[in-house]
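2 protein chains.
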Amino acid sequence: MSQKPSEHLLAALEKIVGPKGALRPGPDQAPYLKEWRDKFQGATPLILRPASTLELSEILKLTYEADVAVVPQGGNTGLVGGQIPHPGGDEILISLDRMTHIRAVDTDNNTLTVDGGVILAEVQKVATDHNRFFPLSLASEGSARIGGLLSTNAGGTNVLRYGNAREQVLGLEVVLPDGTIWEGLRGLRKDNTGYDLKDLFIGAEGTLGIITGAVLKLQARPRDHAAALVGLRSPADAIALLAQARAAFDQALTGFELMSRRGLEFVIASFDDARDPLAAPHDWYVLLELSSTDQPGTLSPRLERFLADVLQEGLIADAALAASDQQRRDFWDLRERFSEAQKPFGGSIKHDISLPASKIAEFLERANDLVAKACPGIRPVPFGHLGDGNLHYNLTQPEDMDKQAYLDQWPQISRIVHDLVSEMGGSISAEHGLGQLKRDEIKRYKSEIEMDLMRRIKQAFDPKGLMNPGKVV
Amino acid sequence: MSQKPSEHLLAALEKIVGPKGALRPGPDQAPYLKEWRDKFQGATPLILRPASTLELSEILKLTYEADVAVVPQGGNTGLVGGQIPHPGGDEILISLDRMTHIRAVDTDNNTLTVDGGVILAEVQKVATDHNRFFPLSLASEGSARIGGLLSTNAGGTNVLRYGNAREQVLGLEVVLPDGTIWEGLRGLRKDNTGYDLKDLFIGAEGTLGIITGAVLKLQARPRDHAAALVGLRSPADAIALLAQARAAFDQALTGFELMSRRGLEFVIASFDDARDPLAAPHDWYVLLELSSTDQPGTLSPRLERFLADVLQEGLIADAALAASDQQRRDFWDLRERFSEAQKPFGGSIKHDISLPASKIAEFLERANDLVAKACPGIRPVPFGHLGDGNLHYNLTQPEDMDKQAYLDQWPQISRIVHDLVSEMGGSISAEHGLGQLKRDEIKRYKSEIEMDLMRRIKQAFDPKGLMNPGKVV
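Taken in order, these protein sequences are the chains called A and B. So the first sequence is numbered by this note's numbering: it starts at 1 and just counts up by one. So the second sequence is numbered by this note's numbering: it starts at 1 and just counts up by one.
If we strip away everything but chain A, and leave its shape as in the complex, we get:
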């Protein structure tokens, strides 16, 4: 059982990091204690901002000895409250925001070694500066930090081609709950010498240790891109199109995003510069993107031929090929505005789910039916990374309903959606993790055997339960 930290301990911890690295309660603490969607608000007697792995190690030696709990935090962009301490105010918050060194660039090995506090956009920039590409990319890349991104196994827009955050990592440095440092910063593509510790820390949301360093894989820099906005009749047709696009383009297929007509209409209504991309309206749209290291201009003609073929087959109803990089970005803007465009239309109940691609059409049909029965007039706005089987199944409120009355139904509606996802072999948290938000809910869907294995790992790595307690497991 963790203890309330004594004033003596707090003073000793402050001494480790110096005055720049410690924040007592007050306005300076505010940005660290609130999650940006406003779902979680925490409290802490002390925020520590160590400048090095060694400082962090010293911190955890003391907290471990004193049985005091800690909460690690990267860029505070998580969506499930994993990075926010509990309101009780007994947990020390440890921010990585001063551990921002690029430790090494190895272009022959295509690796980059960084501190856990480096911001994702900075990693992308360093890769580009060395004529390489770091593919992890998501909306919060300007503030999300590598340690947090790995601890949550972040997804984003490039998963189809490059995989999740997990796939971008060759090695890790982790400070364990008792302050010992696991030095696993290997730059190896093959290493079969025992259990895969790295992948255990990745996605553990800081409950097994704190990721302070990582060896990241760099990729060849794409030189050519092509994109099209495709109109279709149904999600089933979109899945068939995905299969054909995979067979034709393989790893050059870097984006395959599904959008519903209603969502597109919300975007067009919400943004002055948004235009209907095709002459006639269609029930469904796919944004299809190709990228490769080929000569610029190689992919667009290939995509054009492909689209002509599937149009002739009747698999798609219409398509617009991006004629320029600007038009390609415009297509992405449509897609990226989907979340924000829902705001003017009232409350939105959101789900971050995944399914086998083969189940998505059936899921959408059944889910739309079920939620309409539970809340007549509800407006589903599904969209997402269809190529990864990942849907943001967002549900906008009925037109004439009170927003709060609608949002009050979140638990019941989510229960319906998650039960169906689980029945169909899907996941109730595709990208965002469990954190505080889904920690209890997951028990409904995971077998007792799996929960037990997870608890055994937690017990093995953090026997005192001091590392981000009350999160995940």
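FYI, nobody ran anything at the bench for these hints, they're computed from the structure. For glycine and all other residues, C-beta sits at the position ideal for the given N, C-alpha and C. Be careful, since some hints might not be right.
[What the hints assert, rightly or not] Derived Cβ-Cβ restraints for the label pairs, each shown as a range:
(1) B:T100 <-> A:F271: 33 to 39 Å
(2) B:M451 <-> A:E7: 37 to 43 Å
(3) A:P19 <-> B:Q459: 40 to 46 Å
(4) B:R221 <-> A:A269: 55 to 61 Å
(5) B:K61 <-> A:K403: 51 to 57 Å
(6) A:S324 <-> B:R221: 29 to 35 Å
[Claimed, not checked] On the chain A side, residues computed to face chain B include the following (Cβ under 10 Å):
(7) L197
(8) G203
(9) A240
(10) P296
(11) S300
(12) G347
(13) H351
(14) A357
(15) D440
(16) I442
(17) K458
Here the structure of chain A is known, so what remains is to put chain B in place on it, guided by the hints.
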């Protein structure tokens, strides 16, 4: 502490699998008890060949209750003795060779669900039958089984483009040491709902549980290939060529194999139909292969232009482009005959190591010096998957030395090589695992912290130490 199985237990175990599924000591046991390189010979009172996951679960419930140890085995193609019971004869051997069902093919989700005992070549065939591609490929694919391949995180010839066995898996079914079944057969590309159990079982060499089923990822089937045999001056030039080929071809680069002149001469001397591929001899060779889903005939001209450029730059000395699929296979034959071609030249001390690509040139120089000092006249024959940083650093004996006297030096020579690998941030087992062979040696190279974490996992999953004891950790 595990116990000797009683006759009563043996009879009960036999009853679970029926007469076809049980082998008592005798000639029928022989193929299961000997590793093919003849390094390990085991003994067991009973070999069990369950026909289903439920039978295996029943078996482990009984062995767990009786504190009896078990050794799981796939196709018995492992090279480090992980699948061979100890000679003491107290361990029950469990073979997966009757669990050979293809459970499901899902072409829309690009997945294949199989029993743990399915042979790799069969998986490849099913994929091809459905116009898909399963990329895991290695010399023993005609007998290696999926459960064993995943338990050892097998590598092979397609790692550069598709990753190790680990990367081919979306979900697992595992029978735990006490017989409970973990049903983790998910077909999801994104699922952030807790600790990554799957990757813990993959590569654990059957010490945490027995993999009885897997959801495997299928890939688009390549239609176009191109290959070249390139002559170069040095491994450093080969690394520079690798960087340029990556930038030019990205994921279309599917093979990048390094070969030394001496090895090539061994092949030419050992095989009647092997020819020197280039007009003049070169100190080093690279076999470079491209594959893609493009129209057949697209890649060869691209490769030709690339080679012309690097020839003009002076980075390579000569190159032969494969003019046909037959010639491409001939190039691969040269490479694949490297191991066998060493036999007529006497004893060979072998290493399966990996390093960051950026360190390989330096490693070869230093290692060759060190082993020549330890054993004058020793003949290094390094070759391997340079694109993965994986070298088979094989050392043929001096010309005029007694074979056994040379092989007796294996421990000293390997110590020199592995110490250098470790110093340079490499791995002493890139592909093959630890098993019995390297279980003690790894303690010299892994930190006590890492060994401790591995032991904690073993303790958490297999508290009685009954699951493949004396392997890995």
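- Message: Output the indices of the hints that this structure fails to meet, ascending.
- Response: Hint check: 1, 4, 10, 11, 12, 13 and 15 fail, others pass.
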